[in-house]
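Protein sequences, first through last, are from chains A and B. Per our numbering, the first sequence starts with residue 1, numbered consecutively. Per our numbering, the second sequence starts with residue 1001, numbered consecutively.
The set of hints was computed from the structure by calculation and includes no laboratory data. Please read these numbers as outputs of a predicted model, since none were measured by experiment. All residues carry an ideal CB built from backbone N, CA and C; glycine is no exception. Please note that the accuracy of each hint is not assured.
[As the list claims (entries may be wrong)] Residues from chain B shown here face chain A by an in silico Cβ test under 8 Å; the list is partial: (1) 1012; (2) 1015; (3) 1044; (4) 1066; (5) 1068; (6) 1076; (7) 1081; (8) 1087; (9) 1215; (10) 1267; (11) 1272; (12) 1273.
Chain by chain, the residues run as shown.
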Amino acid sequence: MSGVPWGETKLVQGNEAVALGALAAGIDFFAGYPITPSTEVAEILAREMPLIGKKWIQMEDEIASISAIIGGSLAGGRSMTATSGPGFSLMQEGLGYACMTEVPLVLVNVMRGGPSTGLPTQVAQGDVMQARWGTHGDHPAIVLAPSDVSECFSLTIEAFNLAEEFRTPVILMPDEVIGHMREKLTFPAEGEICVEPPSSPDVPLEWYEHYHTSATGVSPMAHFGSGYRFHVTGLTHDTHGFPTRKVDEVISKMNRLKHKITRRLDVLENNMIHGVEESDVVIFCYGSVYRSALAAQKILARQRKKVGIFRPVTIWPFPDRTVKELLDSKNVIIVPELNQGQMIHEVERLTSDSVRVVPLQRYDGYEITPEQLVAAVLEVM
Amino acid sequence: MPARLPYSYKYLRSKKKFPHVWCPGCGIGIVMGSIIRAIDSLGWELDDILMVSGIGCTSRMPVYVDFNTLHTTHGRALAFGTGAKMANPKLKVLAVMGDGDSMAIGGNHIIHAARRNMDITAIIVNNNNYGMTGGQFSPTTPQGAKTATTPYGMIEPDFDVCKLTEAAGANFVARGDVYHVIELDGIIKKALSGSGFRVVETLSPCPTNFGRANKQGDAVNMMELLRDETINIAQASKLPKEKTQGKTVRGIFVDRDGMGYTERYQKLCDRVSPGVKK
């Protein structure tokens, strides 16, 4: 396959769909380091990008990879990297830098078993809290978790768009099952997808502020070499990008970093909700577990038993308001996760003591099956 | 030097960002002056230059100069610079780093930038210690030297910045110091005007930390040490060995014409997909 097969229907692997999604979004620069189970993303882009004159490089480690794409993004290239758990840990340094300096980029983390080297070829969802809180200091996070191959394609494009729109890193987190599974994917026609053009300032050179305080908290970003000369630093900085320790400037920066996300939750929130209103028992899940939940819902429907499914596609920022609104009145919420309990704390945080929040955790490198979910639902009914 | 004044207005963010953070007697400002004079003599546009740095005293330099400037995380200047150069090959990328920044935490990045022959000029200001954090030992601290973390003397052997980067494949490797400034201007100009990975190690005093810990006197004494304990490579070749013993050699050690990474990548694109413009 060469390039994006616009309009065609094909059998595609999840990681391949991520790579093709990046090409569809107009990726200019990829830097990465080999790691299972994400390597196909780098391999496919290594083959495809030179064919269209786009830049690809394999760096010496994951810290260098994320550093390189930050540099690339600041120099005007739409940039992405792909990794898995151990590499994701190393990338936290660069991720924090990109949050602080408000540099758009896409980081794909195909989740495998951890901690440490863990289970390199097997599935887990152990990085969801790291994706939110992994880098030091308070920082914004936008994280998308696809559940099928088609979403690997569409959410990669979405990740590039959100990165531009919010001027911040966006993390795409398929788990290993989603990254490695093959499924039918019908590609849209070429004009059908929406790709946000990178913003550029239109003010005179001397008026440009790299961190202008606009109504949305995000201002158009100039690039190195464009004629707008500016300074970028990971030190806390003023609106021009120069280091500051003045209390009002520090507070202004920190508040803007937070509010540019929290004031526009409506743009970011994306949930799949099935039969929640008419059910007393709801499965709250994300990523590959959602597939098992859908299958379990069907099995239970045949037994005339109702179970609802709530699945956030955007897992961070967490859909606080909707979860509270829809789930706080339920009897039981089952939270199946491929970890020892991470997102369950968010569900517990948002529901009253009267709601039973039941964990179903698997961390042996295998999927939670529909049968496990059916059994869990029947047990609480 | 009144003749130097016009540089201040053109190249420095003179109204915004001074006074600078460097201690009295520090040599980093002299290196910055050399870089500015070298760039001025090359006639480069400010818009085309990207100065990138890591963390440390030297890495504060980008804030003062009116180029495109990028102050990154510790050790990563070359990785950020690599990405910027790839995304926009028109940028002339200049990385300024200290000895700890480039040789310890950034050691992996510098050997691979040299191996790739990435089109970046790396100016490494070597003051033999981590100045900003209070004078701990670095990979270039000489054996026996006292620092905040070697109170009984340094027991580890030190890196030779020039030999290391030469062996790793850099196109251009040179050493200068902040006493022999005219020579340094010339070395930096030559480095900037080439392609591929270019390294200029610049010896520079840190009287506040390293000098005080090792009883090297004040800033003037430390400058005199550079005068007396270094020797130009051309002079050294004319003298008998015993006269150059113990002296650090200055000058250009490597000046190769290997193809830089940017050109090599473009050639790859041309080969696999003729007709496509970068």
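Tell me the numbers of any earlier hints that the structure contravenes, in ascending order. Hint check: 1, 2, 3, 9, 10 fail, others pass.
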